[in-house]
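A.B. asks: Each chain is listed here by its residues.
2 protein chains.
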Amino acid sequence: MLSKLQENLIRECKLIQDEPILVGISGGPDSLVLLDALHQLGYQVIIAHLNHKLRPESTAEALYVEEIAGLMNIPFVQSEADVLGYANEHGFSVEEAARSIRYDFLFDIALSNHVQAVAVGHTADDQVETVLMHLLRGAGLAGLRGMAYRTLPNPWSDRIPLIRPMLSFWREEILHYCSDRDLIPMIDKSNLDQTYFRNRLRYDLIPSLESYNPKIKDLICQTAFIMSEDYKIISSIIEKTWEECLFIQGPGYLALDIDRLQEQPLGVRRHIIRKAIAYHCPDLRDIDFKTIENVISFLANPTRTFQRDLVSGLMVTIEQNILWLAKWETNLPELNWPTVPKDAVLVFNPPCTNSLGNGWELNAGILSATDALREQVTSNHDPYQAWLDISGLASTLHIRSRLAGDRFQPLGMQGRSVKLSDLMINLKIPRRARERWPLICSEDTIIWVPGYRSHHAFRLTDKTEKVLYLQLKTRLKPLMPEKENRE
Amino acid sequence: MLSKLQENLIRECKLIQDEPILVGISGGPDSLVLLDALHQLGYQVIIAHLNHKLRPESTAEALYVEEIAGLMNIPFVQSEADVLGYANEHGFSVEEAARSIRYDFLFDIALSNHVQAVAVGHTADDQVETVLMHLLRGAGLAGLRGMAYRTLPNPWSDRIPLIRPMLSFWREEILHYCSDRDLIPMIDKSNLDQTYFRNRLRYDLIPSLESYNPKIKDLICQTAFIMSEDYKIISSIIEKTWEECLFIQGPGYLALDIDRLQEQPLGVRRHIIRKAIAYHCPDLRDIDFKTIENVISFLANPTRTFQRDLVSGLMVTIEQNILWLAKWETNLPELNWPTVPKDAVLVFNPPCTNSLGNGWELNAGILSATDALREQVTSNHDPYQAWLDISGLASTLHIRSRLAGDRFQPLGMQGRSVKLSDLMINLKIPRRARERWPLICSEDTIIWVPGYRSHHAFRLTDKTEKVLYLQLKTRLKPLMPEKENRE
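So the sequence lines, in the order shown, correspond to chains A and W.
Numbered according to this note's numbering, the first sequence spans residues 1 to 487.
Numbered according to this note's numbering, the second sequence spans residues 1 to 487.
Isolated chain A (complex conformation):
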């Protein structure tokens, strides 16, 4: 067993010989064997024990672990926890609370002692029970892969791995080792209490499954092993796709590029949405399948202007080709779209340059028809440039935001006039941006909606001699995805 454990420590847990390891010791057989074996193999060990104070004998156990540390001459750290109080406060089960406090404690100590890893004594039997618990709770690949020999990053650290070197050993082997080495573990009587879910699995469900297939425990461990490799394959894809789909993230909000997202196969889309929800709710251990389907169907639904409630104070909404997942109380950041102050009118006489605020400026120039055509060809369809026949225009132009009753004759619609408000919806200009979107006007006529359409009446024709050239520019990277801007 020692040589197999050494192999696990080096190959799977990636330990090195000369740096300390923190070992969580309960006093039970698993952790005691782990401690003894690490010590025998010459590793530098620090013992940590958390007194959960859940049973009358808890204090005796703490003293026993301290005594062992003393006999072995190994550094010992301990602490006490109010598990029941913590459980009540956070609405956790006693087991969840104990687990949460225990790992917080272990990684606190690990950090201040600069150890290379935190080691815990989980066995192959624990693995089987964990996989079954996930199955009974309805977890996917992430749950069915069970526990790993080495987890980094883990919920407690990005630098210190959590290692489980005993994951290949069965409880029976552990007990043999104990008797061979005269180790006397404490017996945790709560392990016999069948009101604990895990204990019911151990003493009831697993023996029943063995009646179907005597090798079931081996098979479940093997399944977890295969699943964990499959999970890694999928994770690496999700990681890559996430980078492609993520538009912007910040405290309380996150935006995904819908075009990129919808290109993905359904399974990948689900994973990306799960990850986006997990960004806001890291405590939500299993994100509900239905919540994810909710977002998937929201994306498929064409009524994109509404917000929808999700889970735990989270809402989802769509702007242009951006899916927002945000806390209700968060003000979504302004995408870097051009704006003019509400109700202001900025007058300008081309040629000139005008600052619009928010990093945007308007250039206006006058060109010959030939130069205009040449520039139009090389402009690469930048939707923030326009060329208009100057002949019908006033010599003084102005910029303003929209007014009630505004109408417009978009180029390419044979001079048909449409309500500006309808046009803005059809063009998917973000709802929040419509109010202050700059409109370039000549007297009462809107001649250009920057980023989208110019007026039909001022299009360039064979008869055009002089051209008004307009360009909206930003010194910042436009945060709005470029694709949708190009009409």
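Possibly wrong hints are sitting among the right ones.
Identical chains blur together in the list; that is why a pair holds if it fits in one copy or across any two.
[What the hints assert, rightly or not] Cross-link-like lysine to any residue pairs, in silico, SDA-like; alpha carbons within 20 Å at most:
id	residue 1	residue 2
1	Lys217	Leu205
2	Lys290	Glu12
3	Lys217	Lys290
4	Lys4	Ala300
5	Lys232	Leu266
6	Lys275	Trp324
7	Lys215	Thr291
8	Lys240	Leu266
Keep in mind that the hints were calculated from the coordinates and are not lab data.
Using the hints provided, position chain W relative to the given structure of chain A.
C.D. replies: Then chain W, alone, in the frame of chain A:
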């Protein structure tokens, strides 16, 4: 239920209204409801029934299905099968044999009737049982994803999908439908026989799991649903990687490019090897995890010259950077390496061109030192070209295969002489190719081992005036991977 079923038929099964569907009807509630519902929804149905002749009432059931077909005025096809005989002959369980014969029968009829799909009556309960059976047998993602609404390609056809439109309905809903519509299904008494594994799950294990989580059946269906999407993600990667790794395949053999394979993450490597084994053994429903690990460890093992037994008459061996998986009795195809007839000596006087057979030829020319250097620079390190100082060489050269006791002084080893046999092993010249590998000689000295090394004594120096230029060329695409040739 009808409208939900119609949704499944269109969205999931991708049926169209006007083409016939073959429905497998046992006479039990599931298939009877499927038949009735398809008929009500106006689909063109053909009924197929296989008499398994396993129970005394089998013939009565066949007559009953025929009667229903007659009453509904629907085309009816039936056949009889010797399931027990087939099971004994192929070493299958009775259930496996029945399944195999049944689907062969259904797809035979489907093909000759030009139907758009073969429909079977599997329910959500069947899905739960299937997933659990896979779990108890130790399957990975491929098993835990359960059954799909639509499977194409399937083991029986690349064109006709197998569809399961009832996969979202529970047995209870089916029975309600029966009584609402006054359908009288036959009761298959073997469904009550607890010696059948599936029935034990149904009446024993699943109720027991429900005591742990009353929603377990829903959760298992949902898990299967998620797993099937994850399986698709992984499949598409495996498909892509397979194309990259596959070197050559033919009847009884298959070769993978080891360099490409070893670049992949462990999980992907496992899938590729599983797929390679499945190429030879499509009947092996679950390829043993240990068999795959066997190949993984064989690849990691540096003693690459041996063959190793795998499963079912399959062997694995390595040549250069090629992993062969082949039937023992198969003669591996010759990779397109250069050969000379054994024990023949081909004399040549440069400049000249000599055919070596197998599509290969040898060009020999004489160059000035300046021209030789220029050519050397532009040769892009082609290992099948050599430039040698002509001054020490005989005017007549020859090509031969190796002789016992051959020695050679490779360029770059300071004139040290090595055994040719050792050199060939070190250079990883395929074992099968060594015997007839062409060696270019001047009197008793090997001056060039084409593809690998030239002789130290004839290297180009400052004093070189005339150069012997040698080139081995093939008119075929060399089947040997190029990477390893470049030393």
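A.B. asks: At most 20 Å between CA atoms: does that hold for Lys232 and Leu266 within a copy, between copies, both, or neither?
C.D. replies: Both: 18 Å inside a copy, 9 Å across copies.
A.B. asks: With identical chains, the pair Lys4 and Ala300 could be close in the same copy or across copies; at 20 Å between alpha carbons, which is it: within, between, both, or neither?
C.D. replies: Between copies only: 19 Å across chains, 53 Å inside a chain, cut-off 20 Å.
A.B. asks: Since the copies are identical, ignore which copy is meant and state whether Lys215 and Thr291 lie within 20 Å (CA to CA) inside a copy, between copies, both or neither.
C.D. replies: Between copies only: 17 Å across, 37 Å inside.
A.B. asks: One pair to classify: Lys275 and Trp324, alpha carbons no more than 20 Å apart. Within, between, both, or neither?
C.D. replies: within (13 Å within a copy, 41 Å between copies)
A.B. asks: I want to check one pair: Lys240 and Leu266. Are their C-alpha atoms no more than 20 Å apart within a copy, between two copies, both, or neither?
C.D. replies: both (16 Å within a copy, 18 Å between copies)
A.B. asks: How do Lys217 and Leu205 come out at 20 Å by Cα distance, when the copy is not named: within, between, both, or neither?
C.D. replies: both (11 Å within a copy, 16 Å between copies)
A.B. asks: Is the C-alpha distance from Lys217 to Lys290 at most 20 Å within one copy, between copies, in both cases, or in neither?
C.D. replies: between (31 Å within a copy, 16 Å between copies)
A.B. asks: Taking 20 Å as the upper bound on the Cα-Cα distance, should Lys290 and Glu12 be classified as within, between, both, or neither?
C.D. replies: Answer is between; shortest inter-copy Cα gap is 19 Å, intra-copy 36 Å.
Every hint, counting from the list given before, is met by this structure.
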